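Those sequence lines, one after another, are chains G and P.
Letter by letter, the first sequence follows residues 1 to 294 of this note's numbering.
Letter by letter, the second sequence follows residues 1 to 359 of this note's numbering.
If the Cβ cut is set under 7 Å, some of the chain P residues that face chain G in the computed set are:
no., residue
1, D81
2, V84
3, A91
4, L99
5, I160
6, Y165
7, V181
8, G184
9, V189
10, W251
11, Y311
In silico SDA-like pairs for lysine to any residue, Cα to Cα no more than 20 Å straight-line:
no., chain 1, residue 1, chain 2, residue 2
12, P, K256, G, G4
13, P, K78, P, R24
14, P, K233, P, E164
15, P, K233, G, D285
16, P, K169, G, G4
17, P, K250, G, G4
18, P, K78, G, L182
19, G, K40, P, E204
20, P, K78, P, L34
21, P, K109, G, F112
22, P, K250, G, F7
23, P, K250, G, G8
24, G, K40, G, V53
25, P, K169, G, I5
26, P, K256, P, A245
27, P, K109, P, V339
28, P, K78, G, W187
29, P, K109, P, G51
30, P, K78, G, R191
31, P, K233, G, S3
32, P, K78, G, A179
33, P, K169, G, L14
34, P, K233, P, L178
35, P, K256, G, S3
36, P, K169, G, S3
37, P, K250, P, L239
38, P, K169, G, M1
39, P, K109, G, G115
40, P, K256, P, S243
None of these hints come from the bench; they were simulated from the model.
Remember, predicted model here, so these are calculated numbers, not experimental data.
The beta carbon of each residue, even a glycine, is placed where N, CA and C say it ideally should be.
The lines below spell out each chain.
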Amino acid sequence: MFSGISFGAASLILLTLAGVAIFLTVEGIPGILADPSQVKSGERFLPYVWPLVFGTLLAAALALLIAVPIAIGVALFISHYAPRRLGATFGYIIDLLAAVPSVVYGAWGIAFLAGQMVPLFQWLEDHLGFIPLFAGPASTTGRTILTVSVVLALMILPIVTAICREIFLQTPRLHQEAALALGATRWEMARMAIFPYARSGIVSASMLGLGRALGETMAVAMVLSASGVVTFNLISSTNPSTIAANIALSFPEASGLSVNALIASGLVLFVITFGVNFVARAIVDRRKDFSGAN
Amino acid sequence: MTSTLEPTRPGRGGPDLHTRLSSRTLPSWTAPVLAGAGAVIVVGGLLLGLGLLRPLLLAWALQLALPVASRFVEGGRKATDRLVTVLVYSAFGLALLPLGSIIWTVVSKGVPVLSAEFFTYSMRNVVGEGGGIYHAIIGTLLITGAATVISVPIGLFTSIYLVEYGEGKRMARWIRFLVDVMTGIPSIVAGLFAYALFVLFFGEGVRMGIGGSVALSVLMIPVVVRSCEEMLKLVPNELREASYALGVPKWRTISKVVVPTALAGIVTGVTLAIARVIGETAPLLIVAGYTDSVNFNLFDGRMATLPVFAYTSIRNPGVPPEFSLDRAWGAALVLLIIVMLLNLVARLVSYLFSPKGEK
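Excised from the complex, chain G in its bound form (with noise of 0.2 Å):
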């Protein structure tokens, strides 16, 4: 009978993953299917949410350009550079900024950050305005999508490390020393044993840290002021919501077929993102198999 809960238990892990898709898709599907006259956007469903998604993977490509190569360097700062001893210490104060709620992030991102970036995005404007990322006119407040994907890096930083750490401890020790023997520097050292070893397993971290960036809600629903049009210029006041953000802002004042359309919406952000876990995660148990034999 024992194994018998147990077995219960881990079907229903199926049963709930099934059943996320399952009732999204039966609550979405009016929302796809729904008239323009309608629903609040007065849009069929394509053109509303085109350009949700499109924020959406703008933002997390931004947060993820900014956040894996930092990440790459404290995961290498933790794992090869700081006193053995501190290593573990350091390893906690970064998990430590997985821990902040991701309404305090919002409220700070408000509150500080973006005051923060202004000089910055007006510096931008007149001196590399004549790149279109940067057209302008900058913001004001500061609250654009190149700062919610500062926040976002932020966010993701610890998951990335945290793998990569993980990944750059396990680099067998004999090619280490092997390079090191040879007289190579420690970043010669770093090059040749450490990065090809770890090369799928960055990967795989960059991709998980992708799936929270693409479905972290608050910060970016506090952050960005959203306009739902789509644009590359990445300072200006004019922004691409996310689905995310779009949800959480329009869901409690929503009724009747707009509910309908929201999950949808989330439908589509559900698949996306377990499309790329989904990825991830397969190329992290590949590579389990593979490290057996070092």
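Chain G is fixed; fit chain P onto it per the hints.
Chain P in isolation, oriented as in the chain G frame:
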């Protein structure tokens, strides 16, 4: 990589090992002195009231003198190495800065708000000044508590299945994989799932505390499963075999030997899982909603929670906005303290109660 050996010059005697094998190096005090100078600049800047950012940038730029000097004294390879060392240390510093800034912002804005009234009053009929977070604390405790009650048995039994029963089975492999994938479900999707589920039973526009618990459970179960699984795997097989040898059935072995041995780790894992979900805002905003009054009933109507309270206070501050924003910072501080405490408790439990051989 380029070769570092110089060709041996003809016409000399035996190789002079001393000059041949060591090249010029910067004195070992260079790096600490530069770091010290940087620290002096930052502290000096703070004392002179120049703010933090500019002195910090200056101090950082100063560190780049090290690779530059190294380029001329020690050559390119060493210089690259030193440059990367500076960059790696900077990356860590760059990650610490926002953490410090977040904690400082929340503490400095939140502490003045904390008072006895703040913890014992709800927001019922409060306009402008006054009021508190009593209703939100109650809601957070109830909803998170219910989520824990749902998640821990499911998570624990799943991990028991994975470790004790499912070894090598295809089903177990798939469950383990999907649990990993499930950790990546966006919290707002979990909220929508709970809403879609409850709509089936209670009709459109449902808002309930227990819905929030269900949403949080979806986020919490995978975390509990993974940490419990790791802990159960650590239990030595000898213990199980000794128990079987005494004729104890499998289920009693698990409940009397395996789980008690792993208990400290399980408690740590569950505490960390609670810390992870207690700050979730989005799913609660969707399905638990927000109210100004105290609500003790998970199954009836809207319930306020700390994160949603902070969010709503910032989003709809009313006129004048200061009081509401102050309360938001107070709630954010309380939330941050709870999360940090939970993390601390988890570490303490795992440190104090882990089997002695492991330390």
